[in-house]
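K.L.:
Dock chain H against the given chain C, drawing on the hints supplied.
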Amino acid sequence: MSLSTVGDTKNAENATENAKVALTVNGRVRQLELDPRTSLLDALREHLHLTGTKKGCDHGQCGACTVLINGRRINSCLTLAVMHADDEIVTIEGLGSPDALHPMQAAFVLRDGFQCGYCTPGQICSAIGMLAEAKAGWPSHATADVAAQTTALTDAEIRERMSGNICRCAAYPNIIAAIRDVAEGDRG
Amino acid sequence: MRPFTYERAIDPEAAVAAVSKAGAKFISGGTNLLDLMKLEIERPIHLVDISRLPLKDIKEEPDGGMRIGAQATNSDVAADVRVRTRYPVLSQALLAGASGQLRNKASVGGNLLQRTRCPYFYDTAASCNKRDPSSGCAAIGGINRGHAILGASDACIATHPSDMAVAMVVLDAQIELLDADRATRRIAIGDFHRLPGTTPHIETALKTGEMITGVVLPAPPEGRQLYRKVRDRASYAFALVSVAVVVATERGTITSARVAFGGVAHKPWRAKEAEAALTGGTATMATYWAAAEAAMAGATGRGHNDFKIELAKRTLCRTLAHAAQEN
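Chains C and H, in that order, give the protein sequences.
Reminder that position 123 of the first sequence reads as 123 in the working numbering, one-by-one numbering, no gaps.
One gets the working numbering by counting positions in the second sequence from 1 and adding 1000 to each.
Calculated from the structure, these hints are not laboratory results.
It cannot be assumed that every hint is accurate.
Said to hold, decoys possible - If the Cβ cut is set under 10 Å, some of the chain H residues that face chain C in the computed set are:
1. 1004
2. 1006
3. 1029
4. 1038
5. 1041
6. 1078
7. 1079
8. 1096
9. 1236
Claimed, not checked - Derived CB-CB ranges, DEER-like:
10. C:109 to H:1002: 40 to 46 Å
11. H:1290 to C:155: 39 to 45 Å
12. H:1085 to C:155: 54 to 60 Å
13. H:1127 to C:70: 31 to 37 Å
14. H:1085 to C:27: 36 to 42 Å
15. H:1063 to C:148: 24 to 30 Å
16. C:184 to H:1237: 26 to 32 Å
17. C:155 to H:1123: 34 to 40 Å
18. H:1231 to C:51: 31 to 37 Å
19. H:1181 to C:155: 37 to 43 Å
20. H:1061 to C:30: 42 to 48 Å
21. H:1307 to C:155: 57 to 63 Å
22. H:1064 to C:115: 49 to 55 Å
23. C:51 to H:1133: 52 to 58 Å
Unchecked claim - Only some residues are given here: those of chain H computed to face chain C with a beta carbon under 10 Å:
24. 1030
25. 1034
26. 1085
27. 1086
28. 1088
29. 1092
30. 1104
31. 1180
32. 1229
33. 1235
None of the values given here were measured: they were computed from a predicted structure.
Each residue gets a CB set at the ideal place from its N, CA and C atoms; glycine is no exception.
If we strip away everything but chain C, and leave its shape as in the complex, we get (with noise of 0.2 Å):
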């Protein structure tokens, strides 16, 4: 039985004694030192100054933070950086750059799927986990028949699959017209 613990015990009432933590980050690996109440959404605009992940609730009820941890798609405000040493981050820092977007950031701009632009990278980073999700045979709950070895991408099947991504400028249509251009891509 062992355990690692940090932050001072004794003192817990003003713990202020900060954690160290090892986060790999777009696969660089940077060191912290956090107090253990910081969200990986707020080490990650905070700390690091990546701050293309944005904090829209605070509350897991926008999807403006999301980010793929290990490949999957996350609510960053909902956890705690401490919890993520030896977990793979990437952020929309990390897919691609303005000389080089990512297939899925080309697509937001052919489409226009945005207007104000601030749930853009949080969209993104979830259109490409939910399409790697649907690559690997994950049903949803538009999805008739949850025994199915496959379903079909429809528009049903997106709108669904994304709604944990608001847009309060409901640049809905051109969002999903995004996903399904770099879905039919992979299909190609």
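P.N.:
Relative to the frame of chain C, chain H by itself:
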């Protein structure tokens, strides 16, 4: 958020030992706990991270059932081919809950232990017997459109928000627990969640320091399984009413039936009265309606949520008709 210290548990025994200190809590997916910690509704002074424990396996049992590790994510369970083919109601219920991102993080154990989404429980300026025992219940006489119609008390009319647990109740799941003395026990999910009574802050049969290690599903019951959820928007919302059924028919007669409701009570609600009314009856709307009336015989509205009684009846009838038709 209040300050806390953090540790990552290496094995289940270390986890239960670590959580025995005052003010300590387990953290798994964190999707509900961290939300509540930000609002200072949950105020642990020490967190024991159990998300990396080797409790993620989903495996078949020799008796034809399955065992799901408590740290398996909601996504992994919903996508498991064996679950999808043998326990489709569980997969459907999981997929009806939350969002893709949340399901990727939320664990099975955490799903069972999530707290109510009653707005007065979340509003620290409001009275709430669950958050602050003996302070009163602002939902009674307040805006209670989403609240319980069955099994509520004068102390609390909150509902249990899980979809997954409703399917597990209809499947007669057993919950596996480990305590600080390393003793294990199993409890039927129907006995795990409690009705509010006079102590709505005590929500489960979990003893202090006990940890959920897994959920055991008996071999799939005979018949067609179906989950239907009714909510205010098409996706990513909690249930107003949900129904899980397992129904078997033979030449137009219902040979066996199981029924559970979500969104209507402080716990996932098994409706044995409805099951009795269905079994042996003809697979017709008249039988379904009689079962729905039996299920809701003890229902009480609190004003804004009166519509849920009718909604629950109609949702059950529609779900039974759909399930029986495809037998």
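K.L.:
With reference to the structure, classify each hint as holding or not holding.
P.N.:
Hints versus structure:
no.	hint	verdict
1	1004	6 Å, holds
2	1006	4 Å, holds
3	1029	8 Å, holds
4	1038	7 Å, holds
5	1041	12 Å, violated
6	1078	7 Å, holds
7	1079	4 Å, holds
8	1096	5 Å, holds
9	1236	4 Å, holds
10	C:109 to H:1002: 40 to 46 Å	43 Å, holds
11	H:1290 to C:155: 39 to 45 Å	40 Å, holds
12	H:1085 to C:155: 54 to 60 Å	27 Å, violated
13	H:1127 to C:70: 31 to 37 Å	43 Å, violated
14	H:1085 to C:27: 36 to 42 Å	38 Å, holds
15	H:1063 to C:148: 24 to 30 Å	27 Å, holds
16	C:184 to H:1237: 26 to 32 Å	30 Å, holds
17	C:155 to H:1123: 34 to 40 Å	38 Å, holds
18	H:1231 to C:51: 31 to 37 Å	34 Å, holds
19	H:1181 to C:155: 37 to 43 Å	54 Å, violated
20	H:1061 to C:30: 42 to 48 Å	43 Å, holds
21	H:1307 to C:155: 57 to 63 Å	31 Å, violated
22	H:1064 to C:115: 49 to 55 Å	53 Å, holds
23	C:51 to H:1133: 52 to 58 Å	43 Å, violated
24	1030	5 Å, holds
25	1034	5 Å, holds
26	1085	5 Å, holds
27	1086	9 Å, holds
28	1088	5 Å, holds
29	1092	6 Å, holds
30	1104	5 Å, holds
31	1180	13 Å, violated
32	1229	8 Å, holds
33	1235	4 Å, holds
Of the numbered hints listed earlier, those contradicted by the structure are 5, 12, 13, 19, 21, 23, 31.
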